[in-house]
Amino acid sequence: MIPEIGHFALILALCVALVQGILPIYGAAVGNSGLMAVAKPAARTQFLLVLTAFGCLAYAFADKDFSVLYVAATSNSQLPLHYRLAAIWGAHEGSLLLWTFILTIWMFAVTLFSGHLPEATRSRILGVMGLVSVGFLLFMLTVSNPFERLIPAAAEGRDLNPLLQDPGMVIHPPMLYMGYVGFSVAFAFAIAALLGGNLDAAWARWSRPWTTVAWCFLTVGIAMGSGWAYYELGWGGWWFWDPVENASFMPWLAGTALVHSLAVTDKRGGFKVWTVLLAIMAFSLSLLGTFLVRSGVLTSVHAFATDPKRGLFILVFLAIVIGGSLALYAWRAPKVGLGGSFAMLSREGMLLANNVLLVAAMGSVLLGTLYPLFLDALDLGKISVGPPYFDSVFVPLMVPAIFLMGIGPLAQWKKASVPDLAKRLKWAFGVSLVSALTLPFVLGNWTPLLSLGLLLAIWIVTTSAVGLRERLAHVNGNSLVERLASVPRSYWGMLVAHCGIAVFIVGVTMVKGFETEKDVRMNVGETATIGDYMFRFDGTQDVVGPNYTAARGTFHVSRDGRETTVLYPEKRRYPVQNQIMTEAAIDPGLLRDLYVSLGEPIDDGAWSVRLYHKPFIDWIWGGCFIMALGGALAISDRRYRLAWRKQEPAVPAPTRAARRKVA
Amino acid sequence: MNRFLLPLSIFVVVVGFLGIGLTLNPREIPSPLVGKAAPEFSQPQLYDQEKIFSPNDLKGKVWLLNFWASWCNGCKTEHPVLMDLAKSGQVPIYGMDYKDQREEALTWLQRGGNPYSLVGVDEAGRVGINFGVYGVPETYVIDKQGVIRYKQIGPLDPDTVAKKIIPLVKQLELQ
Chain A
10 MIPEIGHFAL ILALCVALVQ GILPIYGAAV GNSGLMAVAK PAARTQFLLV LTAFGCLAYA
70 FADKDFSVLY VAATSNSQLP LHYRLAAIWG AHEGSLLLWT FILTIWMFAV TLFSGHLPEA
130 TRSRILGVMG LVSVGFLLFM LTVSNPFERL IPAAAEGRDL NPLLQDPGMV IHPPMLYMGY
190 VGFSVAFAFA IAALLGGNLD AAWARWSRPW TTVAWCFLTV GIAMGSGWAY YELGWGGWWF
250 WDPVENASFM PWLAGTALVH SLAVTDKRGG FKVWTVLLAI MAFSLSLLGT FLVRSGVLTS
310 VHAFATDPKR GLFILVFLAI VIGGSLALYA WRAPKVGLGG SFAMLSREGM LLANNVLLVA
370 AMGSVLLGTL YPLFLDALDL GKISVGPPYF DSVFVPLMVP AIFLMGIGPL AQWKKASVPD
430 LAKRLKWAFG VSLVSALTLP FVLGNWTPLL SLGLLLAIWI VTTSAVGLRE RLAHVNGNSL
490 VERLASVPRS YWGMLVAHCG IAVFIVGVTM VKGFETEKDV RMNVGETATI GDYMFRFDGT
550 QDVVGPNYTA ARGTFHVSRD GRETTVLYPE KRRYPVQNQI MTEAAIDPGL LRDLYVSLGE
610 PIDDGAWSVR LYHKPFIDWI WGGCFIMALG GALAISDRRY RLAWRKQEPA VPAPTRAARR
670 KVA
Chain B
2 MNRFLLPLSI FVVVVGFLGI GLTLNPREIP SPLVGKAAPE FSQPQLYDQE KIFSPNDLKG
62 KVWLLNFWAS WCNGCKTEHP VLMDLAKSGQ VPIYGMDYKD QREEALTWLQ RGGNPYSLVG
122 VDEAGRVGIN FGVYGVPETY VIDKQGVIRY KQIGPLDPDT VAKKIIPLVK QLELQ
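Respectively, the protein sequence lines represent chains A and B.
This note's numbering applies: residue 10 is where the first sequence begins, and numbers increase by one.
This note's numbering applies: residue 2 is where the second sequence begins, and numbers increase by one.
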């Protein structure tokens, strides 16, 4: 009964989405405020309906209802409750439901925080989001219904893929989807603006916080996915340039470009057309990512569930949504105008250059991801594109981008002068260069790449410091604390996010330059040394988990004769799917990770063992979290809080309406 | 050309390729062995361990070599397809029990039926390595001269059998 309620709620949601997608947009076109007013309640109703469906599926999982095909396929009675709930998004159908659910959450948020928008704009935004939702609901109801029954019910479920039975898995997909789907808001704003023909600075001002929030979620989501691959796949790597990883990285690159481009449109009214295109691109790439992951056109370590029929549906949907919006763009954008002019050497110019580099990077990731498909389609043979391509294309694009990242925030709008910039930045440049050249010697290993990485990281930090110092000179306040406090949070946000990049670069550089790994055969009682650390293998024990059995190894790690830690890597066997999983044991630290994973048992209790010493690896994810923190700081800026307070009911309704008319 | 149309044009090209991509199977990996002579082997037979199974005995016949195991999930899906194919008598299927335990393999065949004309045992997986087996099940079509003509990675389904295997076998038999 409960699954049927969920199913029915989805059907109702589809009806509501159709209404929400058609009436308000039509109403905005003909100026009928009655039709426009439909948008808000429709969006809220849709949210409640999809929430109901989501709750029903969650209930089916919690209740171990194996008469629901999806539940039987992705869970098991032995599976602990938190993983049963995470199993909602453990495969295709549920992932789509999560996608749609998050889309309606964003819609609901738009209805809450859009009091200050003109009615027509809001109706168009919600209408566009409604249309996107129609596609996803239709997709679910036609070819991937999570509520499909299995009659007679299975006695036992087939269990969740053991790779996904991990705390990271509980939280990673929702985060990632919040980011992916969050770009739908910026997208809807852009389409609404194109439809209405009013691409002004106000449009950019409204889009900015939404885009930043989505960007923060996406950043955290990608970082968590990378962390999950690091400790769960047992290879010790943190990024594999796998098609699915690329699928999440491309929207991130476009989104990063969008965040910066929006800043210019907001502050200077420039880049309008470009910003609209980026907003369309960021969301299109999210959809493309969904397509690549869900259709199985590319092979990937993540290919969990694929089906060509579904692929066709998403492709058609993709063609309609992206093709339609790009056609709208081609039609309306020429009328928008380009905004203010600026010299090439100015803050705008540098942001534009950065944008172009980011988009070029995105394009090369896209090309590398789709290249095997292109060749195959043209019958030119099967190839796979791996890390060598991506590394060699990506680094040269990012180096100038990061160099500009240091200068950009210090340059004047409109026109900057080289001698002035050189004067302000000479110390930062000198310090970065000298320390980047000498630091690797101190660390004991000089390579050009190591120096380059450190140069970029230190450059970001020193230029940020210069920027902050100059800023402090211009704000009011007597004491340093007072002046620090009067620097706007959006500025802090930028500094923090940029320094997050620096932290990230340090992590990548140090891991690449100094990591050591060893594949050894270890007998019980034997020791192996890696870095300054000595690992002693004390044999394995059999342990029994809730839905698996495991061999758990014990490793005593010591340094200079003092015990550092004891690590317990496991080799788990999940009987339901008969899968073997390597559960690496990691001793994380600010300056290094120690990583042990069990290979294969050899004989007499001996195992092949993989040991890693990974300096600074946690800085990689730390950097990402710092970036996201920067984003969070930026949206907590005073002007957004003011805007939010302004629309509190303190203003009586009639005046509000009047003000809207004026606007 | 109008530069505002550029993004749309790029997108149209990408969609075209994605559309073609959907009709292709990325898992269909070309085997370097297709068109080459099947590797030699002589393995004990599953039912009569004293006897030897070797491809040399099959020269002059078109036959299928199917790598399978009782622990393999894909083989369960494939099994009814093999049974139907065997019943139709269109082509003899020879099995290679891959990295398996004899008892379990026998139980499996007793329970699900035995589609194979003969089953060899590859306990150590040596034959699998020589054939370049990625994972079971895998099926090879071998012609009268002992040359591999086709390789199927993953389970056979009725569609592949009807559209690829049978026509190929018919064609090879005429040669």
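These are computed hints drawn from the structure, not numbers from a lab.
Note that the Cβ used here is the ideal one computed from N, Cα and C, for glycine as well.
Any given hint could be a false lead.
Claimed, not checked - Just a few of them, taken from the derived set where beta-carbon distance is under 7 angstroms, the chain A residues facing chain B:
(1) A210
(2) A211
(3) L324
(4) F326
(5) G333
(6) L335
(7) L337
(8) A342
(9) P343
(10) P497
Unchecked claim - Here are the simulated lysine-lysine pairs, DSS-like style, with alpha carbons at most 25 angstroms apart:
(11) B:K171 / A:K318
(12) B:K100 / B:K77
(13) B:K77 / B:K145
(14) B:K52 / A:K318
(15) A:K276 / A:K73
(16) B:K62 / A:K318
(17) B:K52 / B:K62
(18) B:K62 / B:K164
(19) B:K88 / B:K37
Minimum beta-carbon distance criterion (7 angstroms), L324 of chain A to chain B
holds (6 angstroms)
Holds or violated: K62 of chain B and K318 of chain A, Cα atoms, limit 25 angstroms.
violated (38 angstroms)
Restraint satisfaction for A210 of chain A [CB to CB of chain B, less than 7 angstroms]
violated (21 angstroms)
K62 of chain B paired with K164 of chain B [C-alpha distance capped at 25 angstroms]
Answer holds: K62 of chain B to K164 of chain B is near 21 angstroms, not above 25 angstroms.
Holds or violated: the hint that F326 of chain A contacts chain B, with Cβ atoms closer than 7 angstroms.
violated (11 angstroms)
Holds or violated: L335 of chain A as interface residue toward chain B, Cβ cutoff 7 angstroms?
holds (4 angstroms)
Was the hint right that A342 of chain A lines chain B, CB cutoff 7 angstroms?
Holds, because the Cβ-Cβ distance from A342 of chain A to chain B comes to roughly 5 angstroms (cut-off 7 angstroms).
With chain B as the partner, please determine if P343 of chain A meets the hint condition of a C-beta pair closer than 7 angstroms.
Cβ of P343 of chain A sits 6 angstroms from chain B, so the hint holds.
Could you grab the alpha-carbon distance between K52 of chain B and K318 of chain A and see if it respects the 25 angstroms cut-off?
Violated, because 47 angstroms separates the two Cα atoms, which is more than 25 angstroms.
Restraint check for K100 of chain B with K77 of chain B, where alpha carbons must lie at most 25 angstroms apart:
holds (16 angstroms)
Tell me if the straight-line CA distance from K77 of chain B to K145 of chain B falls inside 25 angstroms.
violated (29 angstroms)
Pair hint K88 of chain B and K37 of chain B, alpha-carbon separation not exceeding 25 angstroms:
Not OK: K88 of chain B and K37 of chain B at ~29 angstroms, beyond 25 angstroms, violated.
Hint compliance for this structure: hints 1, 2, 4, 5, 7, 10, 11, 13, 14, 15, 16 and 19 are broken, all remaining hints hold.
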